[in-house]
Amino acid sequence: MDEKIAALREALYALDDQAAVGITRELIDGGLEPQRVLQEGLAEAMLEIGRRWNAGDVFLPEVVAAAEIFKRCNEIVEPALIEAGGHTLGHRVVMATVKGDLHDLGKNMVGAMMKTAGFQVHDLGKDVPTERIVEAVREMEPTIVGLSSLLTTTVPEQRVVIQALEEAGLRGRVKIMVGGAPVTEDWAAEIGADGFAPNAPEAVKVALRLAGSERPEA
Amino acid sequence: MGAEPAPRIRPVPLRMRLEPLSENAVERIHRAALEVLRRTGMHVRSERLVRALGEAGADVDADQLRVRFAPELVEEAIARAPSSYLLAGRDPACDITLDGTHSYLTLDGCASELVDLTTGERRPSTKADLEAATRMADAVPEVTIIWQPVAARDAPTRVQPLHETHAQLTNTSKHIQQMTAIDPDNARGVVEMARIVAGGEPELRERPIVSAFQCTLSPLTIDGDPLEAALVYAEAGIPCGWVSMPLSTATAPTTPAGSVVLTNAELLGAIAAVQLLAPGAPTFYGVCTSTMDLNSGSIACGWGPEENLFSLACGQLARRYHIPSELGVFGTGAKTQDWQAGAQHMLSGFTSYLAGGDMLCATGTIYAGRVFAFEQVLLDSELVDIIHALEDGMSVSDEDLAVDVIDDVGPGGHFLAHEHTLRNMRRNWLPRYFDRATWEEWEAAGRPSPRDRARERARRILDEHHPDPLPGDVEAELLRVIAAHEG
Chain A
1 MDEKIAALRE
11 ALYALDDQAA
21 VGITRELIDG
31 GLEPQRVLQE
41 GLAEAMLEIG
51 RRWNAGDVFL
61 PEVVAAAEIF
71 KRCNEIVEPA
81 LIEAGGHTLG
91 HRVVMATVKG
101 DLHDLGKNMV
111 GAMMKTAGFQ
121 VHDLGKDVPT
131 ERIVEAVREM
141 EPTIVGLSSL
151 LTTTVPEQRV
161 VIQALEEAGL
171 RGRVKIMVGG
181 APVTEDWAAE
191 IGADGFAPNA
201 PEAVKVALRL
211 AGSERPEA
Chain B
1 MGAEPAPRIR
11 PVPLRMRLEP
21 LSENAVERIH
31 RAALEVLRRT
41 GMHVRSERLV
51 RALGEAGADV
61 DADQLRVRFA
71 PELVEEAIAR
81 APSSYLLAGR
91 DPACDITLDG
101 THSYLTLDGC
111 ASELVDLTTG
121 ERRPSTKADL
131 EAATRMADAV
141 PEVTIIWQPV
151 AARDAPTRVQ
161 PLHETHAQLT
171 NTSKHIQQMT
181 AIDPDNARGV
191 VEMARIVAGG
201 EPELRERPIV
211 SAFQCTLSPL
221 TIDGDPLEAA
231 LVYAEAGIPC
241 GWVSMPLSTA
251 TAPTTPAGSV
261 VLTNAELLGA
271 IAAVQLLAPG
281 APTFYGVCTS
291 TMDLNSGSIA
301 CGWGPEENLF
311 SLACGQLARR
321 YHIPSELGVF
331 GTGAKTQDWQ
341 AGAQHMLSGF
351 TSYLAGGDML
361 CATGTIYAGR
371 VFAFEQVLLD
381 SELVDIIHAL
391 EDGMSVSDED
401 LAVDVIDDVG
411 PGGHFLAHEH
421 TLRNMRRNWL
431 PRYFDRATWE
441 EWEAAGRPSP
451 RDRARERARR
461 ILDEHHPDPL
471 PGDVEAELLR
481 VIAAHEG
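Chain order of the listed sequences is A and B. Residue 1 is where the first sequence starts when you use my numbering, and the numbers rise one by one after that. Residue 1 is where the second sequence starts when you use my numbering, and the numbers rise one by one after that.
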């Protein structure tokens with residue numbers, strides 16, 4: 001079984017989604033603890049890809065591709081995991097591109113990079129209404145909420161979301177990160193966000209800091 | 001995912017070309033230069049050589065040491081110069097064939113000062129500096145030919161060129177172009193040293209691991225010693241080019257075409273002189289024509305529009321004569337690696353490449369060639385890397401047009417993780433020194449400039465790179481040659 005898990009990791013490094021999905025299904029159907037498939041296979045592979053990215057051996061598109069494969073595999077693992085009463089990955093992150101903004105590329109990159117650090121990422125998509133973000137925070141109880149906007153005209157929505165979380169009494173339970181081309185450190189401070197990052201790799205560092213550990217427990 | 005090992009040298013294939021002169025304009029410049037050589041001629045400062053040139057058919061005035069060439073004699077003489085030949089490396093992987101298909105970048109020479117890598121201050125250069133600069137260039141694939149970037153000013157003056165040759169033979173296995181031995185005795189010393197390393201007289205002739213060049217003195221003067229040195233090299237089978245370096249407005253006419261006529265006349269005259277005395281000697285057509293600053297009277301310090309035009313025009317002329325060219329490049333008046341250095345170097349780099357220069361001279365100096373800077377070599381290598389990428393052009397295969405991929409992704413999607421991206425993205429150009437950091441990263445890192453990154457890399461190369469050593473007691477033999485010439 002250890003060999004199969006190693007093969008799963010290799011499939012992620014090779015960005016071979018068919019192999020990765022196939023092995024994942026084989027492992028789960030074969031009765032291996034879903035916790036091990038997730039931790040030793042998928043999560044470990046993403047961490048390693050993050051290390052390779054850090055070393056300059058892997059480029060961002062490859063991280064994004066790996067994250068997409070990870071997502072597909074995780075969809076197989078998760079039901080088994082819940083059924084078995086196992087732990088999902090560590091800190092949860094809810095991400096969204098705010099209402100009125102269709103630009104989700106940056107958010108997708110941040111999401112992919114977050115996965116390489118072991119975060120459990122829930123992507124709500126783009127043009128997400130404020131109410132949906134509030135609802136997600138209430139239901140999923142994430143450690144971090146990430147709000148993205150590319151336009152100067154949609155950036156004010158970040159403030160609206162933070163205010164809505166305050167009104168819902170949820171603000172104290174969650175750290176808020178903001179990002180996007182027009183976003184600066186000053187803006188983040190002004191609207192009362194907890195963190196800001198100018199790009200995806202930096203976002204991971206900020207998220208780790210906000211989560212209170214070098215690496216979230218996985 | 002891994003990168004291939006870097007090649008020892010990276011010549012740039014010559015596939016693009018820019019020719020601003022019409023065929024008629026080239027012929028007018030050619031005929032004007034022939035007229036200068038016929039009517040005005042050249043001052044050759046050697047009675048012996050003036051006599052010899054007279055015997056070879058030139059019209060000489062022995063009292064005035066003036067040599068005039070009939071147009072037919074020039075045409076006949078320059079036709080003897082080979083259009084293609086080998087510049088060998090001590091390491092055969094560094095071999096160069098000048099045949100018009102590739103452009104080769106040379107390391108600059110010969111600055112008398114350098115920017116100290118530790119202090120960042122300018123100071124006089126030493127033999128140890130020359131060794132370090134040579135060693136670094138040995139590790140930079142874009143540098144394909146090694147000039148003497150700085151002078152060994154702490155070596156005994158009389159044999160300084162031999163100390164410089166020693167410093168280089170021991171620190172690079174790339175082809176060395178000796179530019180500081182400009183008298184016959186030092187040239188003989190260089191030949192002796194090169195023979196020792198090559199393994200003998202016929203071995204050096206077969207694989208010249210050293211070439212050389214001499215300069216004319218503008219306007220229209222050839223000193224005796226450099227011409228004698230050129231003949232020493234010719235006899236040993238060592239290619240020896242000629243470089244003309246007139247200063248437009250001061251030592252050449254102020255008009256661009258007039259400067260090119262003078263440059264061309266000097267080069268045709270010098271090359272004809274050697275071909276008359278040593279027929280078939282491999283040589284090249286070297287151009288470092290520049291302009292005078294109208295306010296100060298000093299050299300205009302690097303590449304403005306005129307220098308770029310000189311390069312393009314002279315590239316066309318060299319091709320007309322079927323003689324390999326060495327065109328100026330990377331000249332700047334800047335005192336550091338700033339906007340001016342970057343702009344002048346990128347423009348001149350691309351222009352001289354488009355001019356079709358077989359050799360491009362040279363990388364590594366600032367302040368009009370007077371000061372060497374390690375960082376400059378590395379930053380210039382990035383510009384050469386860009387020229388490589390431009391030269392690669394744009395492929396339009398079905399894979400490159402990517403219509404299926406565009407359809408697959410569709411409106412509103414992204415191409416980031418598409419297998420087409422993963423398959424092809426490593427063909428994209430990536431900078432080594434250009435700044436692509438965010439403002440925050442830049443501030444956190446202490447606001448580094450490309451120059452800072454290059455300095456760091458230069459230090460690392462000097463710490464880590466070990467050139468191919470000379471075998472056995474070869475170095476001791478080289479030192480014996482120097483001692484013999486010094487005595």
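Derived by calculation from the structure, the hints in this document are not laboratory data. All C-beta atoms in this analysis are idealised placements derived from N, C-alpha and C, irrespective of residue type, glycine included. Be aware that a few hints might be false.
[Said to hold, decoys possible] Some chain A residues flagged as far from chain B (calculated, every beta-carbon gap over 10 Å):
id	residue
1	L15
2	P61
3	V64
4	A67
5	N108
6	M109
7	T154
8	E167
9	N199
[Claimed, not checked] DEER-style ranges, computed between Cβ atoms:
id	chain 1	residue 1	chain 2	residue 2	range
10	A	G100	B	D338	54 to 60 Å
11	B	W442	A	L102	53 to 59 Å
12	B	G393	A	D2	45 to 51 Å
13	A	G100	B	E19	52 to 58 Å
14	A	R25	B	H420	24 to 30 Å
[Said to hold, decoys possible] The calculated DMTMM-like cross-link candidates involving lysine to aspartate or glutamate, where the alpha carbons are at most 25 Å apart (straight line), are:
id	chain 1	residue 1	chain 2	residue 2
15	A	K71	B	D407
16	A	K205	B	E419
17	B	K335	B	D435
18	A	K99	A	E48
19	A	K4	A	D16
20	A	K99	A	D57
21	A	K205	B	D407
22	A	K205	B	E382
23	A	K205	B	E440
24	B	K335	B	E121
25	B	K127	B	E419
26	A	K205	A	E167
27	A	K71	B	E443
28	A	K4	A	E26
29	B	K335	B	E382
30	A	K99	A	E83
31	A	K99	A	E40
32	A	K71	B	E419
33	A	K99	A	E78
34	A	K99	A	E131
35	A	K71	A	D29
We went through each hint and held it up to the structure:
1. At roughly 6 Å from the closest C-beta of chain B, the C-beta of A:L15 falls inside 10 Å, breaking its exclusion from the interface.
2. A Cβ of chain B approaches the Cβ of A:P61 within 10 Å, the least distance being about 5 Å, so the stated non-interface status is violated.
3. Distance check for A:V64 against chain B: the nearest CB is about 4 Å away, which does not clear 10 Å, and the non-interface claim fails.
4. For A:A67, the requirement that its beta carbon stay farther than 10 Å from each beta carbon of chain B is not met, with the minimum near 8 Å.
5. With a least CB separation of 7 Å from chain B, A:N108 falls inside the 10 Å interface cut-off, contrary to its annotation.
6. Distance check on A:M109: its Cβ comes as close as 7 Å (rounded) to a Cβ of chain B, failing to clear the 10 Å threshold; non-interface status is violated.
7. For A:T154, the shortest C-beta to C-beta distance to chain B comes to about 16 Å, beyond the 10 Å cut-off, and the non-interface label holds.
8. Against the 10 Å criterion, A:E167 stays outside the reach of chain B, whose nearest CB is about 31 Å from its own CB.
9. Under the 10 Å C-beta cut-off, the non-interface status given to A:N199 relative to chain B is violated; the minimum distance is some 6 Å.
10. A C-beta distance of roughly 43 Å is found between A:G100 and B:D338, which places it outside the suggested range of 54 to 60 Å.
11. Between B:W442 and A:L102, the C-beta spacing of about 30 Å breaks the proposed range 53 to 59 Å.
12. Distance hint for B:G393 and A:D2: a CB-CB separation of about 49 Å, consistent with the stated range 45 to 51 Å.
13. For the pair A:G100 and B:E19, the supplied restraint of 52 to 58 Å holds, since their beta-carbon distance comes to about 54 Å.
14. The given range of 24 to 30 Å is respected by A:R25 and B:H420, whose C-beta atoms sit roughly 26 Å from each other.
15. Under the criterion of a C-alpha separation no larger than 25 Å, the hint pairing A:K71 with B:D407 is consistent with the structure, at around 23 Å.
16. Pair hint A:K205 plus B:E419 does not hold up; C-alpha atoms about 28 Å apart against a cutoff of 25 Å.
17. Pair hint B:K335 plus B:D435 holds up; C-alpha atoms about 21 Å apart against a cutoff of 25 Å.
18. At roughly 34 Å between alpha-carbon atoms, A:K99 and A:E48 are farther apart than 25 Å, so this suggested pair is violated.
19. A hinted pair counts as satisfied when its Cα atoms are at most 25 Å apart, and A:K4 with A:D16 qualifies at roughly 15 Å.
20. For the suggested pair A:K99 and A:D57, the alpha carbons sit about 36 Å apart, so the restraint of at most 25 Å is broken.
21. Restraint check for A:K205 and B:D407: not satisfied, since their Cα atoms lie roughly 36 Å apart, outside the 25 Å limit.
22. Distance check on the hinted pair: A:K205 and B:E382 sit about 31 Å apart at the alpha-carbon level, beyond 25 Å; violated.
23. Between A:K205 and B:E440 the CA atoms are separated by roughly 13 Å; this keeps the pair inside 25 Å, and the hint holds.
24. Only pairs whose Cα atoms come within 25 Å are accepted, and B:K335 paired with B:E121 is accepted, the gap being roughly 11 Å.
25. For the proposed pair B:K127 and B:E419, the alpha carbon gap of about 53 Å is over 25 Å, so the pair is violated.
26. Using a Cα cut-off of 25 Å, the hinted pair A:K205 and A:E167 is violated, with the two alpha carbons roughly 29 Å apart.
27. With a C-alpha separation of about 35 Å, the suggested pairing of A:K71 with B:E443 is violated against the 25 Å cut-off.
28. At roughly 9 Å between alpha-carbon atoms, A:K4 and A:E26 fall within 25 Å of each other, so this suggested pair holds.
29. Note on B:K335 and B:E382: the hinted pairing holds, with a Cα-Cα distance of about 19 Å set against a maximum of 25 Å.
30. As the CA atoms of A:K99 and A:E83 are separated by approximately 35 Å, the hinted pair breaks the 25 Å bound.
31. Among the hinted pairs, A:K99 with A:E40 is inconsistent with the structure: their alpha-carbon atoms are about 37 Å apart, more than 25 Å.
32. With a C-alpha separation of about 17 Å, the suggested pairing of A:K71 with B:E419 holds against the 25 Å cut-off.
33. A distance of roughly 29 Å separates the Cα atoms of A:K99 and A:E78; the hinted pair therefore is violated under the 25 Å criterion.
34. Between A:K99 and A:E131 the alpha-carbon distance is near 10 Å, which keeps this suggested pair within the 25 Å criterion.
35. Proximity of A:K71 to A:D29 is assessed by CA-CA distance (about 18 Å); at most 25 Å being required, the pair is judged to hold.
Hint compliance for this structure: hints 1, 2, 3, 4, 5, 6, 9, 10, 11, 16, 18, 20, 21, 22, 25, 26, 27, 30, 31 and 33 are broken, all remaining hints hold.
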